[in-house]
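Protein chains in written order, with my numbering: chain A, 1 to 306; chain B, 1 to 306.
Hint data in this document are derived by calculation from the structure and do not stem from the laboratory.
Predicted model only: the values in this text are computed from it and were never measured.
Errors might be hidden in some of the hints.
Copies of one chain are not kept apart here, so a pair can be met inside one copy or by any two copies together.
[Stated by the list, open to error] Quick list of in silico lysine-lysine cross-link-like pairs, DSS-like style, CA-CA up to 30 Å:
1. K97 <-> K208
2. K185 <-> K143
3. K112 <-> K18
4. K257 <-> K18
5. K112 <-> K233
6. K287 <-> K185
7. K18 <-> K151
8. K97 <-> K112
9. K37 <-> K18
10. K37 <-> K185
11. K37 <-> K143
12. K112 <-> K12
13. K112 <-> K37
14. K55 <-> K287
15. K97 <-> K12
16. K37 <-> K55
17. K233 <-> K97
18. K185 <-> K208
19. K185 <-> K261
20. K233 <-> K55
Chain by chain, the residues:
2 protein chains.
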Amino acid sequence: MGEFSFIQWIRKRQRRRKGTLLGIGDDCAVIDVSPDKLCLITTDMLVDGTHFDLKKCAMRDVGRKAIACSISDVAAMGCQATVAVVSICFPDHTTEKFARELYEGMWSLTDKYNIEIIGGDTISGRGPLCINVTMLGNDGGLKPIRRSGAKAGDVILVTGEFGGSILGKHLCFEPRQQEGVVLNKNFTIHAMIDISDGLTADLNHILKESRTGAILHECQIPISQAAVELSRKTGYTPLHHALSDGEDYELLLTVSKGQAKSVLASGLIEGIRRIGEIVDGQGLRMKYADGKIRRIRPRGYEHLTS
Amino acid sequence: MGEFSFIQWIRKRQRRRKGTLLGIGDDCAVIDVSPDKLCLITTDMLVDGTHFDLKKCAMRDVGRKAIACSISDVAAMGCQATVAVVSICFPDHTTEKFARELYEGMWSLTDKYNIEIIGGDTISGRGPLCINVTMLGNDGGLKPIRRSGAKAGDVILVTGEFGGSILGKHLCFEPRQQEGVVLNKNFTIHAMIDISDGLTADLNHILKESRTGAILHECQIPISQAAVELSRKTGYTPLHHALSDGEDYELLLTVSKGQAKSVLASGLIEGIRRIGEIVDGQGLRMKYADGKIRRIRPRGYEHLTS
Numbered sequence: 001m002g003e004f005s006f007i008q009w010i011r012k013r014q015r016r017r018k019g020t021l022l023g024i025g026d027d028c029a030v031i032d033v034s035p036d037k038l039c040l041i042t043t044d045m046l047v048d049g050t051h052f053d054l055k056k057c058a059m060r061d062v063g064r065k066a067i068a069c070s071i072s073d074v075a076a077m078g079c080q081a082t083v084a085v086v087s088i089c090f091p092d093h094t095t096e097k098f099a100r101e102l103y104e105g106m107w108s109l110t111d112k113y114n115i116e117i118i119g120g121d122t123i124s125g126r127g128p129l130c131i132n133v134t135m136l137g138n139d140g141g142l143k144p145i146r147r148s149g150a151k152a153g154d155v156i157l158v159t160g161e162f163g164g165s166i167l168g169k170h171l172c173f174e175p176r177q178q179e180g181v182v183l184n185k186n187f188t189i190h191a192m193i194d195i196s197d198g199l200t201a202d203l204n205h206i207l208k209e210s211r212t213g214a215i216l217h218e219c220q221i222p223i224s225q226a227a228v229e230l231s232r233k234t235g236y237t238p239l240h241h242a243l244s245d246g247e248d249y250e251l252l253l254t255v256s257k258g259q260a261k262s263v264l265a266s267g268l269i270e271g272i273r274r275i276g277e278i279v280d281g282q283g284l285r286m287k288y289a290d291g292k293i294r295r296i297r298p299r300g301y302e303h304l305t306s
Numbered sequence: 001m002g003e004f005s006f007i008q009w010i011r012k013r014q015r016r017r018k019g020t021l022l023g024i025g026d027d028c029a030v031i032d033v034s035p036d037k038l039c040l041i042t043t044d045m046l047v048d049g050t051h052f053d054l055k056k057c058a059m060r061d062v063g064r065k066a067i068a069c070s071i072s073d074v075a076a077m078g079c080q081a082t083v084a085v086v087s088i089c090f091p092d093h094t095t096e097k098f099a100r101e102l103y104e105g106m107w108s109l110t111d112k113y114n115i116e117i118i119g120g121d122t123i124s125g126r127g128p129l130c131i132n133v134t135m136l137g138n139d140g141g142l143k144p145i146r147r148s149g150a151k152a153g154d155v156i157l158v159t160g161e162f163g164g165s166i167l168g169k170h171l172c173f174e175p176r177q178q179e180g181v182v183l184n185k186n187f188t189i190h191a192m193i194d195i196s197d198g199l200t201a202d203l204n205h206i207l208k209e210s211r212t213g214a215i216l217h218e219c220q221i222p223i224s225q226a227a228v229e230l231s232r233k234t235g236y237t238p239l240h241h242a243l244s245d246g247e248d249y250e251l252l253l254t255v256s257k258g259q260a261k262s263v264l265a266s267g268l269i270e271g272i273r274r275i276g277e278i279v280d281g282q283g284l285r286m287k288y289a290d291g292k293i294r295r296i297r298p299r300g301y302e303h304l305t306s
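Please model the complete structure; the sequences and the hints are all you need to start from.
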């Protein structure tokens with residue numbers, strides 16, 4: 001089965017409730033908790049063997065990553081993560097020492113970002129370690145930034161560098177919590193998403209939701225050192241890794257040309273840069289270094305395959 | 001490791017945040033979302049082989065149970081479940097048809113109780129089916145009922161009958177959503193909990209949090225037909241099953257003597273009855289049919305064992 005077709009089926013069938021401003025299909029859902037307050041909510045499940053490998057990493061890293069992924073979703077709406085509930089299914093016979101390390105990893109980030117773990121569920125089972133974090137966020141008087149607001153003529157900006165996160169970044173990335181809020185507070189952001197599935201795959205989510213197309217510029221794509229390293233092993237180009245690999249957890253946003261200038265000139269967001277523009281029509285194209293523009297296929301990680 | 005000792009360790013270490021009215025340790029956490037609105041949150045993880053057995057039940061049943069457990073937690077605070085986010089880890093190679101059945105089961109309850117599934121995460125992994133539901137609730141202007149409010153002299157009331165839920169009720173129970181809200185709206189409830197770990201084990205949670213003791217009356221414990229049936233196979237008495245088996249998902253509450261009379265006379269809650277009283281001191285005792293009072297050990301399901 002495909003993750004996206006399954007989610008589309010759910011979205012169509014799900015009955016809507018008064019008070020839900022934004023349901024399935026964005027980085028967070030948004031509910032209306034009082035006339036002037038919104039509550040954001042996002043949930044992420046990680047399982048050993050798919051999202052991390054306990055043979056190669058520590059329990060601390062897993063706990064940290066679980067929290068970081070959820071913070072990243074709230075940041076991608078330009079809002080602030082506040083409280084979390086955490087469910088963990090430990091493999092049978094897990095020791096308490098091992099279990100505590102998972103929490104130490106979570107607290108390393110929750111303490112930093114003033115997030116409280118306010119509840120949870122701890123079970124054991126015959127499967128691999130599985131951890132689920134549900135994170136709430138608040139709007140702080142700002143408007144949550146959706147995926148659906150991109151407009152033709154917008155400039156596409158990204159934080160950080162891309163590709164090869166499997167070599168380490170997927171475990172130790174810093175969620176762009178501060179950047180997300182600073183962007184929302186100081187500029188008019190049309191659309192924003194965090195890069196979990198892959199640069200082109202997540203850009204494509206924005207394009208679909210906004211009913212627009214985009215042109216990326218080959219020479220502007222920030223390629224990480226890890227993408228270069230990985231390309232030596234895989235035979236793919238570093239650019240391929242930058243465009244397709246998942247779990248960079250950087251922000252991708254679209255803003256008007258004028259706002260793009262302000263963002264870049266402000267110096268508020270370190271390492272932010274332009275990589276292309278939103279255009280009329282649909283689909284994703286690349287302007288290559290030789291000047292030619294060709295259609296490219298969004299590629300990335302789909303969480304379910306049949 | 002023991003579930004309760006691990007949770008105690010987490011509770012002690014967790015830094016508190018302004019705006020959290022109730023953190024780890026009750027049926028739901030409660031946060032203060034605006035000056036006059038509270039938001040309740042609870043999370044429950046179920047895994048194949050521990051909480052259900054896909055060899056013996058349908059995907060529909062699993063979906064229904066996952067939602068029902070979370071509604072039950074909100075009901076146990078006397079509040080109304082509103083929206084949920086759902087994470088599912090499907091075993092590799094799950095078909096979409098099978099996956100949809102899980103959702104059909106969830107919707108059978110969410111539609112009934114006007115709950116919207118507003119988001120989620122769908123992954124696949126090498127383990128057994130694992131599902132996590134995070135449910136939000138609202139206070140509807142009422143005070144959430146905690147575990148810690150029981151007072152010496154209170155009467156202990158329960159809905160329904162107990163024991164043997166493994167024979168079927170654990171999959172098809174009706175969460176006491178309406179009963180929880182009706183009780184909170186019409187009466188002064190000192191403490192309330194839903195019976196997931198077992199009658200004595202969950203009563204013990206109230207006793208610990210309220211720093212009180214209790215006496216149960218043997219002749220007043222409502223024993224289910226399933227407990228009688230199960231006792232024929234296990235050799236334990238039906239009373240033992242009623243006191244120790246988990247997953248009845250009935251409500252247990254404590255109220256003053258006067259309020260108990262009003263609750264019982266009101267006819268608002270079908271099948272509600274008294275089973276004992278809260279007393280000074282600590283620990284749990286049973287008044288047997290022969291008139292003797294003896295200390296009993298709270299027994300029930302602890303979700304983790306070393």
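Here is how each hint holds up against the structure:
no.: 1; hint: K97 <-> K208; verdict: between (46 Å within a copy, 25 Å between copies)
no.: 2; hint: K185 <-> K143; verdict: within (9 Å within a copy, 35 Å between copies)
no.: 3; hint: K112 <-> K18; verdict: between (35 Å within a copy, 15 Å between copies)
no.: 4; hint: K257 <-> K18; verdict: neither (36 Å within a copy, 40 Å between copies)
no.: 5; hint: K112 <-> K233; verdict: neither (36 Å within a copy, 54 Å between copies)
no.: 6; hint: K287 <-> K185; verdict: neither (32 Å within a copy, 64 Å between copies)
no.: 7; hint: K18 <-> K151; verdict: within (28 Å within a copy, 39 Å between copies)
no.: 8; hint: K97 <-> K112; verdict: within (23 Å within a copy, 43 Å between copies)
no.: 9; hint: K37 <-> K18; verdict: both (15 Å within a copy, 16 Å between copies)
no.: 10; hint: K37 <-> K185; verdict: both (16 Å within a copy, 25 Å between copies)
no.: 11; hint: K37 <-> K143; verdict: both (10 Å within a copy, 20 Å between copies)
no.: 12; hint: K112 <-> K12; verdict: between (39 Å within a copy, 18 Å between copies)
no.: 13; hint: K112 <-> K37; verdict: both (24 Å within a copy, 27 Å between copies)
no.: 14; hint: K55 <-> K287; verdict: neither (41 Å within a copy, 54 Å between copies)
no.: 15; hint: K97 <-> K12; verdict: between (45 Å within a copy, 16 Å between copies)
no.: 16; hint: K37 <-> K55; verdict: neither (44 Å within a copy, 45 Å between copies)
no.: 17; hint: K233 <-> K97; verdict: neither (37 Å within a copy, 38 Å between copies)
no.: 18; hint: K185 <-> K208; verdict: within (26 Å within a copy, 46 Å between copies)
no.: 19; hint: K185 <-> K261; verdict: within (16 Å within a copy, 56 Å between copies)
no.: 20; hint: K233 <-> K55; verdict: within (21 Å within a copy, 43 Å between copies)
When held up to the earlier numbered hints, the structure conflicts with 4, 5, 6, 14, 16 and 17 and fits the remainder.
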